[in-house]
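Enquirer: Going line by line, the protein sequences match chains A and F.
Okay, so the first sequence: first residue is 1 according to full-length UniProt numbering, each after it adds one.
Okay, so the second sequence: first residue is 1 according to full-length UniProt numbering, each after it adds one.
Accuracy of the hints is not assured; some may be wrong.
Since the list can't tell identical chains apart, any single copy or any two copies may satisfy a pair.
Stated by the list, open to error - Below, simulated DSSO-like cross-link-like pairs (lysine-lysine); rule was C-alpha separation at most 30 Å, straight line:
#, residue 1, residue 2
1, K298, K76
2, K287, K217
3, K143, K21
4, K298, K217
5, K287, K166
6, K21, K189
7, K276, K217
8, K206, K189
9, K21, K166
10, K65, K116
11, K24, K166
For the record, the hints were derived by calculation from the structure and aren't laboratory data.
Computed from a predicted model, the values in this text were never measured in an experiment.
Each chain is listed here by its residues.
Protein chains: 2
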Amino acid sequence: MSKLLIVGTVAFDAIETPFGKTDKILGGAGTFIGLSASFFNVDSAIVSVVGEDFPQEYLDLLQQKNINIEGIEVVKGGKTFFWSGRYHNDMNSRDTLATELNVLADFNPVVPQAYKDAEIVMLGNLHPLVQSSVLNQMTQKPKLVVLDTMNFWMDCALPELLDVMKRVDVITINDEEARQLSGEYSLVKAAAKIHTMGPKYVVIKKGEHGALLFHNKEVFFAPALPLEEVFDPTGAGDTFAGGFSGYIAQTGDTSFSNMKNAIIYGSNLASFCVEKFGTQRMEQLQKEEVLSRLQQFKSLTQFEIELE
Amino acid sequence: MSKLLIVGTVAFDAIETPFGKTDKILGGAGTFIGLSASFFNVDSAIVSVVGEDFPQEYLDLLQQKNINIEGIEVVKGGKTFFWSGRYHNDMNSRDTLATELNVLADFNPVVPQAYKDAEIVMLGNLHPLVQSSVLNQMTQKPKLVVLDTMNFWMDCALPELLDVMKRVDVITINDEEARQLSGEYSLVKAAAKIHTMGPKYVVIKKGEHGALLFHNKEVFFAPALPLEEVFDPTGAGDTFAGGFSGYIAQTGDTSFSNMKNAIIYGSNLASFCVEKFGTQRMEQLQKEEVLSRLQQFKSLTQFEIELE
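Throw the hints in and build the complete structure from the sequences for me.
Expert: Below, the structure is given as structure tokens:
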């Protein structure tokens, strides 16, 4: 069983969609990554920070999913990171209503001793200096480092982002971010340029249009499952990253052909995440459901053409 | 060898893209469908109308591709349908600069006697009354009728469109049109509603994001091939439809599993169409290139997951 080290926010979200709205509920990239990866047979740990206002039941939930939470610092008297957003009718765009960094503003990640030799490291979307700090603490070169990031860091911390990118194997970003980072409109050209910045594997997430995996001249595509209804897209990208890194950690296989399977699992798990508000669906998810949906992914994409 | 009857415009296009512009060149839905279907072993005919200004060399080109042009009426003293458009930098949106209907305004399609028993009928994007008129002339119920249409007819001729839809097996439309026609945002729900309007098979084209094939509860997805550069998207949707209907005509197999192959071939051929201006690439296309690209489609989508 491989060790999977996850760094990412553990937070409160308040979400409005055309289907309803929530009060402050459990959210954060680290949470979604951890819950998603917990579907696999891995020894995972989350490095994060929360305030004293963070409910013990949320920490218990993560532990029940066999996630080590020793690296989640609880700041006495501090308040937990809070994000609030409203999705538009098309569910593809959203307005941020509030971002309160709180304890995240001074987050200094500390990797637990037992995970400094983790084989797989999943750097969730955070300041690139925090991501670098986690890599600095590793006592052994990980087998695979996966980095997730977003346009905000390209705008505000590009040099630091470019630094940490040189140290990772896989980057996951969305299509618009890939275009911004590379200056290329064509995703094929964008991926080629991002390769030269460090990551040998580039995963471009296209939301409801699926995800592309590039490695040199090779490319693989995982569709998103066509759904009757997307209830709440929050955390779908993180759930995708958790499925990807969790599957790699379980199999211990970092070949391109195994990464194909990993992004299919990432898409599979993300298709559940959006079915309910926040982490609700991921908390209840059963292994049988994921395997049954895997069959749907096969029917959706696999074909047999006889060549003359 | 099955007969494939195609109705669609044969026209002049003038195109501007960020890569350059053309004078009046060969275009039209019927042209692109015919050229694409000619890749397969089929006996095809185009029903259309052109003016006296239409160059004989264009008609010769279609004949050289083994397309019967008996049904292309040449109107003495008439002028050929002309469309001109300018693509934006993202290649996904365009402005129409000119639409001159000319001889198309009074187009009365006449199906050649030898094709009134065609097994496969491909109704290209035209006024729904023209599409119905073609079906009225068939002396034998076709094995499969495929209809392509667009938002313009939903706005201006919805009752006539709904009438012809009741008589077809497959409809191909883009995602926005599927939403407009059904009033449903979710493409899964949109397809279910469109099923109730007649077509047992619904193909939703998403441009660079691929195409979905729906049949009752079954769904299949064909990606678009990620390309370094899209040079000119004109005719890509028609080329897709030509590949789809041409493959069905060649194989004579209208099962769902064979339709999967048909939309893979449609995507395959469309990926060539966009590589050069107008019909240029399709005119030169060799069988070996298409088969080699089929291998790329397999690498792009096929995966092997061992279940525990």
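Enquirer: Taking the hints in turn, state whether each one holds.
Expert: Here is what the structure says about each hint:
In this assembly of identical chains, K298 and K76 lie within 30 Å of each other by CA distance neither inside one copy nor across copies; the values are 49 Å within and 55 Å between. When the C-alpha separation of K287 and K217 is checked against a cutoff of 30 Å, the pair qualifies only between copies, where the shortest distance is 23 Å, while the shortest distance within a copy is 34 Å. Proximity of K143 and K21 under a CA criterion of 30 Å is satisfied in neither setting, with 41 Å inside one chain copy and 50 Å between copies. In the homo-oligomer, the alpha carbons of K298 and K217 lie at most 30 Å apart both inside one protomer (24 Å) and across protomers (15 Å), since each shortest distance falls under that limit.
Proximity of K287 and K166 under a CA criterion of 30 Å is satisfied in neither setting, with 36 Å inside one chain copy and 43 Å between copies. Proximity of K21 and K189 under a CA criterion of 30 Å is satisfied inter-copy only: 23 Å between copies versus 40 Å inside one chain copy. Taking CA atoms no more than 30 Å apart as the test, K276 paired with K217 passes between copies only; the shortest distance there is 22 Å, against 38 Å inside one copy. Within a single copy, K206 and K189 get their C-alpha atoms as close as 16 Å, and across copies as close as 21 Å, so both meet the 30 Å cut-off.
For a Cα distance limit of 30 Å, the shortest separation of K21 from K166 qualifies neither inside one copy, at 40 Å, nor across copies, at 41 Å. For the homomeric pair K65 and K116, the shortest alpha-carbon distance inside one copy (21 Å) is at most 30 Å, but the shortest distance between copies (66 Å) is not. Proximity of K24 and K166 under a CA criterion of 30 Å is satisfied in neither setting, with 37 Å inside one chain copy and 50 Å between copies.
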